[in-house]
Amino acid sequence: MGQKKLAFDEVAYILPSDILFLILIKVPSVKSLLRFKSISKSWNIIISDNEFKRTHRDQSKALGREKLGTNANGCVFWSYYNCVVGVTSTIIYFDGKSDELKELPLPDFVREDDCFGLTTLKSCLSFYGGNDKSLVLDIWIMERDGSWKWLMRVCNLPCICEKL
Amino acid sequence: MVKLKSNDDKEFEVEEAAVIQSEMIKNMIEDGCATSVIPLPNIDSKTLIKVIEYLNKHINMGKAAETGEEDDLKEFDEQFVNMGWEELFDVIMAANYLNIHELMELCCQSAADRLKNKSVRAVREMLKITNDLTEEEEQEIINDAPWAFEGPEIDDTVN
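Residue numbers (the numbering used here), protein chains in the order written: chain A, 1 to 164; chain B, 1 to 159.
Be careful, since some hints might not be right.
Said to hold, decoys possible - Simulated crosslink set (EDC-like; lysine to aspartate or glutamate; CA at most 20 Å straight-line):
#1 K53/A <-> E125/B
#2 K53/A <-> D144/B
#3 K41/A <-> E153/B
#4 K116/B <-> D108/A
#5 K41/A <-> E125/B
#6 K26/A <-> E153/B
Don't read these hints as lab results, they were simulated from the structure. Just so it is clear, the structure is predicted and the values come from calculations on it, not from any experiment.
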């Protein structure tokens, strides 16, 4: 225990909270940040801070990462994908009925290197995606029971990822 | 040339064009306070060598764009941040103290990229952080967003 304490003090000395703030503000994934609140007291304080949240949101907006959510079935959906690697990551949604933020499991038709986006079609949640190599875009809509139905395919697009 | 002295008493000569990327030293020079050696009591020689390497490489940032050396600079940056956590934090602290904006951005972004998608356990181990939250506090954080603690992208490896 004594040794562990020493290691902690060492890092605490190296990383004052204003520096940790500058690092964490650059973590693009909101999901990662929510998880990192449970690292320690000081991480929780920094990430829970209103100024941190505001700065992170503004930065995400400036980088075009954050989009307004897509409204469907009484829920608001957001999709996040990694702009650098260009791979799919997560869909989260806010359920208006239960006031909860939840993660939507990625549909099983999503392949490893797909890019995707969300929109609404016929007031249903619609999922559109494709990958760089195939240059085709598939469009699905979510049925009332929560299952995905394939709607159509757009072929011969000049590019996929930049469009999304 | 400007002379810098690390906290372990080693002296380094750096071209003025390179060293003025540090706002702090630039201000000292402009105020006429940099006539002899500039002591840097917060920076050891190992870290200072890294910082000077960066400053020398980035000496003509503006020119790089014209001569098409941008890719070269990008590659240098990628290689530059390829260091252990402790060294990275030392450089971040030095860049913060010397107020070298670009270097600060580069290193903080590298740290953030390494942390992204890591599991709680992995971050604690990598950065040698002792969990000082009570069990209740920790559980409350998890209960607030349980979905943030599950997913195939979460990386439990330590590197």
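>> Between the alpha carbons of K41/A and E125/B, is the straight-line distance 20 Å or under?
In response: holds (16 Å)
Does K26/A pair with E153/B here, judged by a C-alpha cut-off of 20 Å?
Between K26/A and E153/B the Cα gap is close to 18 Å, so the pair holds against 20 Å.
Keeping to a limit of 20 Å between CA atoms, is the pair of K41/A and E153/B held or broken?
violated (25 Å)
Q. Are K116/B and D108/A close enough, with their CA atoms no more than 20 Å apart?
A. violated (24 Å)
Are the Cα positions of K53/A and E125/B separated by 20 Å at most? Violated - the C-alpha atoms of E125/B and K53/A are around 26 Å apart, more than 20 Å.
- Message: Holds or violated: K53/A and D144/B, Cα atoms, limit 20 Å.
- Response: holds (16 Å)
Hint violations for this structure: numbers 1, 3 and 4, all remaining hints satisfied.
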